[in-house]
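Next come the chains, spelled out residue by residue.
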Amino acid sequence: MSLLLALDLVGVFAFAVDGALTAVRAARLDLFGVITLGMITALGGGIVRDILLGDLPPATFSDYRYLLVAASGGLVAFTWRLERLASAMTVLDAAGLGLFAVTGASKALEFGLGPLQAVILGGITGVGGGTLRDMFIARVPTILTTGLYAVPALLGATITVVADQLGVWSAPAAVVAALACFSLRMAGVRWDWHAPRAIGWQD
Amino acid sequence: MSLLLALDLVGVFAFAVDGALTAVRAARLDLFGVITLGMITALGGGIVRDILLGDLPPATFSDYRYLLVAASGGLVAFTWRLERLASAMTVLDAAGLGLFAVTGASKALEFGLGPLQAVILGGITGVGGGTLRDMFIARVPTILTTGLYAVPALLGATITVVADQLGVWSAPAAVVAALACFSLRMAGVRWDWHAPRAIGWQD
Amino acid sequence: MSLLLALDLVGVFAFAVDGALTAVRAARLDLFGVITLGMITALGGGIVRDILLGDLPPATFSDYRYLLVAASGGLVAFTWRLERLASAMTVLDAAGLGLFAVTGASKALEFGLGPLQAVILGGITGVGGGTLRDMFIARVPTILTTGLYAVPALLGATITVVADQLGVWSAPAAVVAALACFSLRMAGVRWDWHAPRAIGWQD
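If you're matching them up, the sequences are chains Z, D and E in order.
Sequential numbering from 1 applies to the first sequence in full-length UniProt numbering.
Sequential numbering from 1 applies to the second sequence in full-length UniProt numbering.
Sequential numbering from 1 applies to the third sequence in full-length UniProt numbering.
Some clues are possibly wrong.
Simulated restraints on C-beta separations [to be verified]:
1. Arg25(Z) x Gly114(E): 45 to 55 Å
2. Glu110(E) x Ala195(D): 47 to 57 Å
3. Leu5(Z) x Ser87(D): 16 to 26 Å
4. Val176(D) x Leu68(E): 53 to 63 Å
5. Val162(Z) x Pro172(D): 32 to 42 Å
6. Val76(E) x Leu5(Z): 53 to 63 Å
7. Ala187(D) x Thr79(E): 54 to 64 Å
8. Ala26(D) x Val189(E): 18 to 28 Å
9. Val162(D) x Leu4(Z): 28 to 38 Å
10. Gly54(Z) x Leu68(E): 47 to 57 Å
11. Pro196(E) x Leu5(Z): 52 to 62 Å
12. Trp193(Z) x Thr79(D): 48 to 58 Å
The hints are simulated quantities; they were obtained by calculation from the structure and are not laboratory data.
As the structure is a prediction and not an experimental result, all values here were calculated from the model.
Every residue gets a Cβ at the ideal spot worked out from N, C-alpha and C, and that includes glycine.
Make a model of the complete structure from these sequences and hints.
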């Protein structure tokens with residue numbers, strides 16, 4: 001199994017559990033709704049990435065493992081001791097964010113995109129699943145309301161692209177890039193970092 | 001006219017009327033809004049299908065009949081005796097669901113996708129139009145809130161794929177598959193079937 | 001720089017400022033949210049156009065100028081005297097609408113689509129950015145609630161297609177087409193024109 005595929009599948013699982021927990025807690029959906037939102041969250045980022053790269057049908061459809069891992073994540077979240085996992089939603093979302101930012105940037109480079117474009121596409125891949133999840137439950141997406149959500153994804157993608165340009169791209173480099181994104185995101189949540197708002201504004 | 005095209009156009013008309021009625025009743029839009037939401041509902045599933053299959057531009061854009069049928073459906077809903085059709089919204093949505101599930105799965109097989117992928121793509125094609133309709137009027141999509149919405153679509157797609165694998169794919173088989181989806185969806189609405197919700201959950 | 005690219009970049013800038021102002025006023029987002037919504041609004045229409053045409057990766061990703069202009073528009077809106085620009089939101093949105101309707105129709109013709117399809121694709125390109133903007137902040141899109149939003153875009157696209165068919169397509173023709181769309185949109189806003197609603201409807 002290639003490095004890209006392995007990282008992708010771990011990201012799919014993390015986002016599937018996260019999306020399914022959101023479905024249970026935020027929207028109180030039934031079993032089918034839980035699995036559906038889990039799969040949308042898990043597969044959304046990769047599908048958006050593959051559409052933008054023109055790699056169609058998306059990997060999700062040419063490799064059944066994506067569908068199985070995504071569905072399993074939703075089932076696990078629904079049937080296991082959900083209460084214990086609840087505090088893990090932010091952690092899972094941050095993990096998926098980092099993994100997909102790396103695979104998105106890496107796949108974009110493989111497809112011949114320039115460095116700046118690969119960073120942006122990595123960022124989109126990272127935030128795509130969570131953004132679709134929020135739009136499906138009619139909630140303003142995290143990417144708009146939380147300062148440090150896109151930035152960590154762009155950081156992970158940037159490290160990926162720099163490592164590639166320096167010729168040191170490898171499994172450890174991928175883990176470092178994903179961990180950097182994950183850590184920055186978690187630090188942002190922990191200390192509630194956000195960017196300045198426009199001041200002196202009157203409606 | 002091919003079987004796939006004929007079923008697609010009937011599905012387009014059903015969804016166009018359904019989307020237009022939703023625009024009138026749920027969102028009280030004006031004539032342009034009604035026709036626009038009708039067209040989004042009617043064409044959304046097929047466009048998503050064709051994007052995921054990489055069959056671009058989508059059939060909608062290479063064959064003007066899709067646009068004309070979709071616009072006609074919206075106009076009909078707006079100008080005729082709307083009150084009598086109101087109870088028909090669920091019926092029209094279920095009809096579009098079944099027809100698109102079948103054409104989605106069938107087209108996926110034509111494009112060489114595996115059986116599992118064809119079933120999923122059929123399901124996405126079936127639920128796509130109604131899901132876009134709901135997202136446009138800022139409503140949580142039916143697919144998340146109603147247990148038996150994705151499952152009937154997956155059933156119709158599965159019958160399509162099985163018939164194809166058995167070598168008995170034909171117009172009658174397509175009608176049977178669409179009817180099976182339609183009947184299961186209507187039964188689910190009639191008796192309010194839904195899947196279990198997570199229990200013992202505390203916020 | 002080609003005509004298409006120049007018009008596209010002006011449209012990108014107008015929509016980026018418009019989206020960023022919406023983020024500040026309607027959703028009170030922080031700096032990252034403002035730039036993100038600005039970029040979604042600015043690049044959304046062109047990305048949807050290129051996906052539907054199968055021209056992937058989208059121009060946005062193969063030409064870094066799109067990203068830079070979009071990000072600059074968001075920054076400008078955030079840092080300059082926002083109050084003075086506030087009344088300009090409708091104007092900027094109308095300008096982007098006209099420019100993208102023209103580039104969308106023109107690019108569709110280049111890719112060999114028929115006249116009717118090129119008009120529709122021009123309309124989708126024009127309204128795409130604003131529609132994504134509204135969906136991201138969980139607001140029913142302008143295209144559904146405002147009668148004269150899609151119609152001006154379709155007018156600009158129609159003039160583009162007619163000029164092309166008559167063999168008089170040129171930079172002045174493009175400006176006329178974009179201005180016609182812009183003027184009709186602004187007139188619709190100024191005098192509050194809208195289409196009839198369905199009457200005698202009871203819930």
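Discussion item. Name the hints, by number, that the structure is in violation of.
Written reply: When the structure is compared with the hints, numbers 3, 5, 6, 10 turn out to be violated.
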